[in-house]
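Fit chains R, S, H and W with the ligands to the known structure of chain L by using the hints.
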Amino acid sequence: KQPEKELTFGILPAESAIPIILAKEKGFFEDEGLNVTIKSFSSPNDRNVAVQAKELDGVIGDVMTEAAFYENGLKLKITSDINEDFKILSSPDSGITDMKGLDGKKVSLVPNFILEYIMDKFAEENGFTYEIVEIPSFSGRSEALLSNQVDGVVFTEPQAGMLAAQGAHLLGSSRDAGIKGGALLFTETALTEKPDSVKAFYKAYNKAVEYMNTTKVSEFVSILTDYQFPEAIGTYLSNLKKAYEPAGTIDKSQFEDIIKWTKEKGQITKDYTYEELTDFSFLPQ
Amino acid sequence: MTEKIKRHYRGRRKNKAGELLWGLLSFLLLWEILYLTVKNHTIPSPYLTFLYFPNVGNRLIWHLLASLARVGTAVGVSLLIGVPAGIALSASKGLRKLFSPFVYFIYPIPKVAFLPVFMLLFGLGNLSKILLVIWIIVFQIILAIRDGADQIPKIFYKVMAGYQATPLKNLRYLIIPAILPYIFSSLRISLGISLASLFFAENYATKYGIGYFILSAWTKMNYREMFCGILALGLLGIFLFVLLDIMEEVLVPWSKEETH
Amino acid sequence: MTEKIKRHYRGRRKNKAGELLWGLLSFLLLWEILYLTVKNHTIPSPYLTFLYFPNVGNRLIWHLLASLARVGTAVGVSLLIGVPAGIALSASKGLRKLFSPFVYFIYPIPKVAFLPVFMLLFGLGNLSKILLVIWIIVFQIILAIRDGADQIPKIFYKVMAGYQATPLKNLRYLIIPAILPYIFSSLRISLGISLASLFFAENYATKYGIGYFILSAWTKMNYREMFCGILALGLLGIFLFVLLDIMEEVLVPWSKEETH
Amino acid sequence: MNENVDQRLIDGSGILARLRNVSFDYGGKPVIKNVNLELKKGSSYSLIGQSGTGKSTLLNLAAGFLRPKEGSIEILSKPLKGTRKETAIMFQELALFPWQTVYQAALMPLKMSNGKDKNGMEERVIKLLEELGLTELKDKYPHQLSGGERQRTALARGLIGEPDLLLMDEPTSSLDTVTKESIQELIRKQQQKLQATLLFVTHDIEEALLLGEKILLLNGEGSVLTIDNPCYLRKQQRKDLAFYEQCIYLKELLM
Amino acid sequence: MNENVDQRLIDGSGILARLRNVSFDYGGKPVIKNVNLELKKGSSYSLIGQSGTGKSTLLNLAAGFLRPKEGSIEILSKPLKGTRKETAIMFQELALFPWQTVYQAALMPLKMSNGKDKNGMEERVIKLLEELGLTELKDKYPHQLSGGERQRTALARGLIGEPDLLLMDEPTSSLDTVTKESIQELIRKQQQKLQATLLFVTHDIEEALLLGEKILLLNGEGSVLTIDNPCYLRKQQRKDLAFYEQCIYLKELLM
Ligand SMILES: Nc1ncnc2c1ncn2[C@@H]1O[C@H](COP(=O)(O)OP(=O)(O)OP(=O)(O)O)[C@@H](O)[C@H]1O
Ligand SMILES: Nc1ncnc2c1ncn2[C@@H]1O[C@H](COP(=O)(O)OP(=O)(O)OP(=O)(O)O)[C@@H](O)[C@H]1O
Ligand SMILES: [Mg+2]
Ligand SMILES: [Mg+2]
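From first to last, the protein sequence lines stand for chains L, R, S, H and W.
Sequential numbering of the first sequence, starting at 1, is according to the numbering used here.
Sequential numbering of the second sequence, starting at 1, is according to the numbering used here.
Sequential numbering of the third sequence, starting at 1, is according to the numbering used here.
Sequential numbering of the fourth sequence, starting at 1, is according to the numbering used here.
Sequential numbering of the fifth sequence, starting at 1, is according to the numbering used here.
Heads up, some of the hints might be wrong.
[Stated by the list, open to error] DSBU-like mimics (lysine-lysine), calculated; alpha carbons at most 30 Å apart, straight line: (1) R:Lys154 x H:Lys127; (2) W:Lys214 x H:Lys127; (3) W:Lys214 x W:Lys85; (4) S:Lys154 x R:Lys158.
Simulated from the structure, these hints should not be mistaken for laboratory data.
Isolated chain L, as found in the complex (with noise of 0.2 Å):
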């Protein structure tokens, strides 16, 4: 097949973008006629600009980031959910070995974002305060934890797992705790004007899934490592428990919530609803 359809897609180097990257270098979109670009962002921010650029059909977000982006007229939609989990960590030092612990203690997170809002779902469910210290550069917030500066923070995988091996202590886990706010995110333009590209996107991306629940973690793990991420990844997928799921649905309840809570801390002023923001009719059936 030739393939004639085409999509740009904005990742970031997280677990989340692992099927995509697959995907692409497996071959699977070819195999469904599409032809993918992938952009890669080191930081959330350069990614939004991309999209405020309109530079890009899709991206890889939040439910937050796509109702911020809705509240400054660029239309995007969430499409489906994706694989990733947060973990809540305590410095070595700290002596902090469970959640509570962290009651009114220092926890450095990116504020307004995903990492907040599962950061405040814990401690809502556990019944405590904290004060957040802004770090958003990865290396910084993962430094200031192993030097003790901070108690807390909240991380994604596989640097998590990397934390937590230099002596961070485990207290979380967002999937363990079935928070999801992750989503894939395709403009309206995008879904559109190239529906089929959009759909052919998914069933390449559940291909990949599938392929990393069947293979042995050392046959891919190379590609990953050319994309940005730490060796450690292959280690994090092997010791994995849960089968990685292919694309789905984030649950109403569930988005409400975050609508919410994102309206709450002032970054929309409008209650978007479910059926403003989200299409998962591309998903494969």
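Showing chains R, S, H and W with the ligands alone in chain L's frame:
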């Protein structure tokens, strides 16, 4: 200063106020043009941005002051290090051979890469932020002062050598006055860089500072707020620059007015 | 160039090679000291880092070349803009009044804040990256050249006015030679800044460039790889700086050797 | 502005420069006050006066670098606005460019007026440097020269062109008696060859008498006194007793 | 180094500076060649010679700015290493700092030697500026001065201290005859008051005869000829015919 000179400078200062205004206006003009051509919400309309100002005005002052304190300290300390170091590098061939290559080596390395080290050694507070800014601008100052001191005519050194001037007097009567224009030039440049580098320094563990303000507006994609911050930073910048210009005119009276 | 001068420069060049080496060595020394005092994994041992080099050596070359091409273009274009603009600002009071405030206003604004504009107007490719670097360094060059041209003795202008020299001849015979030392000085500074600003520019939508390399090693928390990148960047920097020094010695023969 | 040949024919007055009621000050007390002066074509004038009276200022006015605060200056019957190509000036400060060797400095004025053949230019420069005793020094930079050598380099820059007005500010002050005499000879030869008007400042009364058809004495009040010079061009015995008497007379005038 | 008084007592030779077989070059052909010279305490020497022969170089050697390539220089019987506080030098290039007003420039040498009373210093400067005719100009910067005013400022800087050796490179070259005479008088007075040795370069034969007890003639080969000066300090008629004869004799020597 005689009365005449004072009057002269008062006249200049009025000019300077005009300059400030014009700097703002020309920026607004460019902005409006950009706004009209780009037509994208990453560039908000100047008019609407002004209407947004009251929402942030009060907070902005505090952010500006926090940044000013950090930048002021950093620039001050950098001058205290950079000026003597630059002079020493220019004066002594031995020191030049010894340290110039080191400065050359370290200068182009992105200083942000040292962020973890700074956090580690100096914590998350103001100390590490200020040190980061110093680290970013000090090499530039050293090089500029060294290059400036290199321009002092050798015969001036001979004059001082003739008096067997102590190093201190050499500084006071020859080197400092001779490099004053270069100090100002490098102050302008490093002030710019240090204001810009607030973007890194106020990126972590703080809730005050104009860098933080702009960045957080940016991550929130609130472009009107972001541009309020940029405008305020620009105003702070031009204010400091005009202050430098005035200081230069007062402290270097022999330079610009050369009509002969 | 006569034989004698050529011999002279050949001697210098040998010296320069020594400087390069010494720059590296002194950096390694500082690094080792830091390593031993900090004792933290963010600062890997120099020795182990060297052992790591073979793992990345080949790739590094390409990253360096990609960055060099970007920086080279950016610096070249910035000079082409900045030198004439700086000269014009110094020469014409009108232009100075018109544009200096604008430059003062825009200079301290963190140029990264313009990233959206650049991406918007010029896409995610090399064009926007190079333009970003230009935008970061060009104002610094303008200011440095303006301040340098301000130092030209007024009587030199009178000499040229006496010949009714065309603007072009004024440039060729007076202004360019007079500001050459300043051009070199500002080249050094802007080279440093532009290498450092690769950190922003190679932050998105690229897989080549030393900025990308260091950043990605950093996000991977692979500090050894990161320091390999830093070392390579430092080497590139010192190599370019020494090149500049040699060029300055050849092109400004009347300056440094002043023994009188 | 290559019309001077025509101009000279048209303008029958024989006057190259005319200063009418010219006054000037640097923002303080007047330096030049109400000066009226006519400089004839092809004549030479020595300008003398105490240090700080305004001689250099007057030269700068005539060159067009300074504008009179009052009065007007005409050159070839046209009001002087700015500088002219046909005026050559040698500054008291010399103003040699640090980046030009002796040869490059002397060549520069020729390069400024386009469209001349390259070989002819180089030959002329080499000949002039020879006459100024600078041949061996032609590749040296100013900081490698002695004071007198620097002055001669500036002289070369002033004499190389084809001016109709030569303004020289103390052209021989740093030269020893012997060199001075040969340079004076050179200046006179050049001036006569070009039929240029020469206005030069000097503190050397002898030089004033040797080179100036007329002596212009600028006094402390800023006015100019014109004195005829009976000694000018007395061939046989350049410096006889009458000459020294004239010297002493001028010195007394200066006081 | 405040031992000069003792030194003068101890060292009975009466010699301040002694050059032994001194040679110097700037990397090319020799400029100073095998010069032997003794400068007596309190005496004055005029150094003459054609432009570019090495007069300034010799002064720089005596000041300790340049080291002889061969031979040695002794001051007060001690080998000269680097500069000395007790030597004052006035450069041919003047080397005025652009950031110093006339007053500040003249005050600087006094500020260099610590521990003096402030008032006394200021008074001395003001008096000297008066004598140099610079009183009205005391707050001007060099670029606001005329050539002669700049030269006088440099002179002030050279004369204000209390040197035992005064080196002056063409101190009056930019001054008119009248000003020159009063400055010469001033230099002589100052020198005699301090009992300092004066070595000065001049192109003005009259000045050489007026101020120099001995005339040192530096020839093109780099050697020095010492000539006695019969005209020195002939009080009544400073410039009689004998004086002019001597002038003409010296000029012939120079050629
Ligand atoms: N740029 C200036 N600003 C202020 N005053 C000046 C300036 N230039 C010259 N003057 C003053 O104007 C007067 C005349 O200066 P000018 O240079 O014309 O004198 P001059 O006759 O050439 O003296 P000299 O023989 O010493 O060179 C001097 O008193 C000087 O101090
Ligand atoms: N820094 C230098 N490098 C090379 N040559 C030099 C340097 N300084 C002086 N010279 C040369 O040395 C010779 C003597 O110079 P010096 O300045 O001593 O002459 P001078 O006798 O003072 O002449 P003048 O009367 O013209 O001032 C000159 O030919 C000059 O070109
Ligand atoms: Mg003058
Ligand atoms: Mg000399």
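Status of each hint after checking the structure:
Between R:Lys154 and H:Lys127 the CA atoms are separated by roughly 33 Å; this puts the pair beyond 30 Å, and the hint is violated. Between the alpha carbons of W:Lys214 and H:Lys127 the distance comes to roughly 39 Å, so the proposed pair goes past 30 Å and is violated. Restraint check: the Cα-Cα separation between W:Lys214 and W:Lys85 comes to about 25 Å, which is no more than 30 Å; the hinted pair holds. At most 30 Å may separate the alpha-carbon atoms for a hinted pair to count; S:Lys154 and R:Lys158 meet this at roughly 25 Å.
Going down the numbered hints, you'll see the structure goes against 1 and 2, while the others check out.
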